[in-house]
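Q: So the chains spell out like this:
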Amino acid sequence: MLRVTIDNITIEVEEGTTILNAARKIGGKIVPPAMCYYSKLKGSGGKCRTCLVKVATTSELDPRPLPKLVPSCSTLVQNGMHVQNITSEQVLQERKAIVEFLLINHPLDCPVCDQAGECDLQNLSYEHGLEETRYEEERREFAPVNFGEKIKLHMNRCILCYRCVYAAEQITNERVHGVLYRGDVAEISTFVENFIDNDFSGNIIDVCPVGALTDRTFRFKNRVWFTKAMDAHRDCEKCSGKVVLWMFGDEIYRITGRKDEYGEVEEFICNDCRFENKNVSDWIIEGLRKIKRSSVISQNHYEKLTKQSIIKPIEGKMEQQE
Amino acid sequence: MSNLTNKSNIVSNKKMSIWEKMYLPAVVKGMYITFSHLFKKKVTLQYPEQTKPFAEIYRGKHVLKRDDVGRERCTACGLCALACPAEAITMIAAEKKNGEEHLYREEKYAATYEINMLRCIFCGLCEEACPKEAIFLTKEIVPSNFERQDFIYGKDELVETMDNRIDISKRQSAEVLEFKKNKNFKHNK
Numbered sequence: 001m002l003r004v005t006i007d008n009i010t011i012e013v014e015e016g017t018t019i020l021n022a023a024r025k026i027g028g029k030i031v032p033p034a035m036c037y038y039s040k041l042k043g044s045g046g047k048c049r050t051c052l053v054k055v056a057t058t059s060e061l062d063p064r065p066l067p068k069l070v071p072s073c074s075t076l077v078q079n080g081m082h083v084q085n086i087t088s089e090q091v092l093q094e095r096k097a098i099v100e101f102l103l104i105n106h107p108l109d110c111p112v113c114d115q116a117g118e119c120d121l122q123n124l125s126y127e128h129g130l131e132e133t134r135y136e137e138e139r140r141e142f143a144p145v146n147f148g149e150k151i152k153l154h155m156n157r158c159i160l161c162y163r164c165v166y167a168a169e170q171i172t173n174e175r176v177h178g179v180l181y182r183g184d185v186a187e188i189s190t191f192v193e194n195f196i197d198n199d200f201s202g203n204i205i206d207v208c209p210v211g212a213l214t215d216r217t218f219r220f221k222n223r224v225w226f227t228k229a230m231d232a233h234r235d236c237e238k239c240s241g242k243v244v245l246w247m248f249g250d251e252i253y254r255i256t257g258r259k260d261e262y263g264e265v266e267e268f269i270c271n272d273c274r275f276e277n278k279n280v281s282d283w284i285i286e287g288l289r290k291i292k293r294s295s296v297i298s299q300n301h302y303e304k305l306t307k308q309s310i311i312k313p314i315e316g317k318m319e320q321q322e
Numbered sequence: 001m002s003n004l005t006n007k008s009n010i011v012s013n014k015k016m017s018i019w020e021k022m023y024l025p026a027v028v029k030g031m032y033i034t035f036s037h038l039f040k041k042k043v044t045l046q047y048p049e050q051t052k053p054f055a056e057i058y059r060g061k062h063v064l065k066r067d068d069v070g071r072e073r074c075t076a077c078g079l080c081a082l083a084c085p086a087e088a089i090t091m092i093a094a095e096k097k098n099g100e101e102h103l104y105r106e107e108k109y110a111a112t113y114e115i116n117m118l119r120c121i122f123c124g125l126c127e128e129a130c131p132k133e134a135i136f137l138t139k140e141i142v143p144s145n146f147e148r149q150d151f152i153y154g155k156d157e158l159v160e161t162m163d164n165r166i167d168i169s170k171r172q173s174a175e176v177l178e179f180k181k182n183k184n185f186k187h188n189k
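So the sequences go chain by chain: A and B.
Just so we're aligned, residue 1 is where the first sequence starts under my numbering, counting upward by one.
Just so we're aligned, residue 1 is where the second sequence starts under my numbering, counting upward by one.
Since the hints were derived computationally from the structure, they do not count as laboratory data.
Just to be clear, a hint being listed does not mean it is correct.
[Claimed, not checked] Here are the simulated lysine-lysine pairs, DSS-like style, with alpha carbons at most 27 Å apart:
hint, chain 1, residue 1, chain 2, residue 2
1, B, Lys186, A, Lys96
2, B, Lys132, A, Lys221
3, B, Lys97, A, Lys152
4, B, Lys96, A, Lys278
Next up, chain B with everything else stripped away, as it sits in the complex:
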């Protein structure tokens, strides 16, 4: 059988020679490697003070988007919850009443929308399943917490506010951005 990688060593029981039994050359060789690392670039990062740059499409905490006029895009279709491999998403839908046209985009909206961040594996399948461009993952990290209950994020934490909008255009493919330019389509109105 051939090896999958060339990193494995073949172990044998062969007798060591006197030169090898002295161990001294091996010790020197080991120390040389250790000291040589003193002069190399450090790989550790002083975390809270220093941070690593995030990728543009880092998958962190979710956001529920609003459209240009501030209406919630989510229509509680349940496709994100269906796509979710960890079953982290739950929602309850409600019907839009008269006078709520400025709050919700569609006839139906999510009255409650909860993501259990302990279950979530940040795979981004919810984002991919969403037909309404409502849910996206952001560069924000989900902070640690003491209570399990505090990891269940409701709409108060997920829906973006109009004065602090999150730009997600980097996460969308060129085809989607091209499609969005055509304002004739109902989806883009």
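This is chain A alone, in the form it adopts within the complex:
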């Protein structure tokens, strides 16, 4: 076991853990944001640079600080390491600059984009970004492309995190898309618009942190904050069948996997569950999904509080005080 201190909180983790995962073990505000790292996908991370942290002490044996900020998603923890995330002014300042860089080619068409309201980049720029843009040059532009019947690619919005490439490689048995070209002209593409047709291909929508890959069956149908999220499941031969239904009245508008607090799906779902079963009778509904109060999706959705639900969270604290 290795001892690591992140923002003055010490924790013991196993050898081979990254700084980001150690921080996630602690939880709370000290977890660095990540746009490209996805814990369920091997090899992801190291591309977006939003998770940069400062290493003040490298290890017990070598107490010197690292010369530059390091990406926490791909830097391994060493014994006696001291990491600064939100306690370091330099980290916060660089993160602000990274957000500005990510937004250089991002079109800011949130009013049109279906991802608005549940977009990682939107949340990140709210928290760390500037209010206005300093960029006056032309942004790169691509025409929207269909990836088969169900998926739409807006290359304008892509931040080249490679998550969808890893998802297609690792959870489907054939990958037909990838990143073509390099640098400023790099783009996600299928060769000759070869469509993606696989039982699990729909998951590239869920792993996309921005609105580059969206569900064509939900395209412009509704805004996420007007829909109601319900946990539901069904018996499925291909996947766990555990999903979130996005409903409006009695109608199912969209089906996605269940995302945890870091925006990663808990279990990947198959295309049958995602696209084909849009009748309420196909599903066993478990109840309303808990959505963070700070999210726009919780707007105008009210919950009935019972006496128990108010008392329970504060019960433990009361005992501690006594």
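Go by the hints and put chain B onto chain A.
A: For chain B alone, coordinates are given in the frame of chain A:
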């Protein structure tokens, strides 16, 4: 406890004197006030014939703006409906097809856009929430009607026509007008 205003009278049960019991001075005093009003400026307005001047930024009936070339600005993002405290606004979005470039500004547009004028409280929050400068409140008044159904205004009543454009520049702040001068930005093209 101190009074919030100095307009309230403290009521007491004290006995009136003979002078007060005669009431005559009080009657005369009241009549004096009444007659003095005959010679003051009238506050009533003969409404349909006379009208009061409206404030430049009066909040009346809504308008959905078009841009300089006549394309609808609204992109059905739903922020007005989200901001609306009375939940008066509903809309259904649709995708712009090839050949409709001269009709709609963005990739997505509002196929139907309805405001229930009975619900609307004319607070102007929709105008404030709009990222596309599409919806504005105008000096026009929403007329009375007999049927509830007639108060639900659709796009036919809200979208402005090109030969009868409504000037809303008075409603925009100096910063916004300054920003609009820069034609390099995509928003202003």
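Q: Of the numbered hints stated previously, which ones are contradicted by the structure, given in increasing order?
A: Violated: none.
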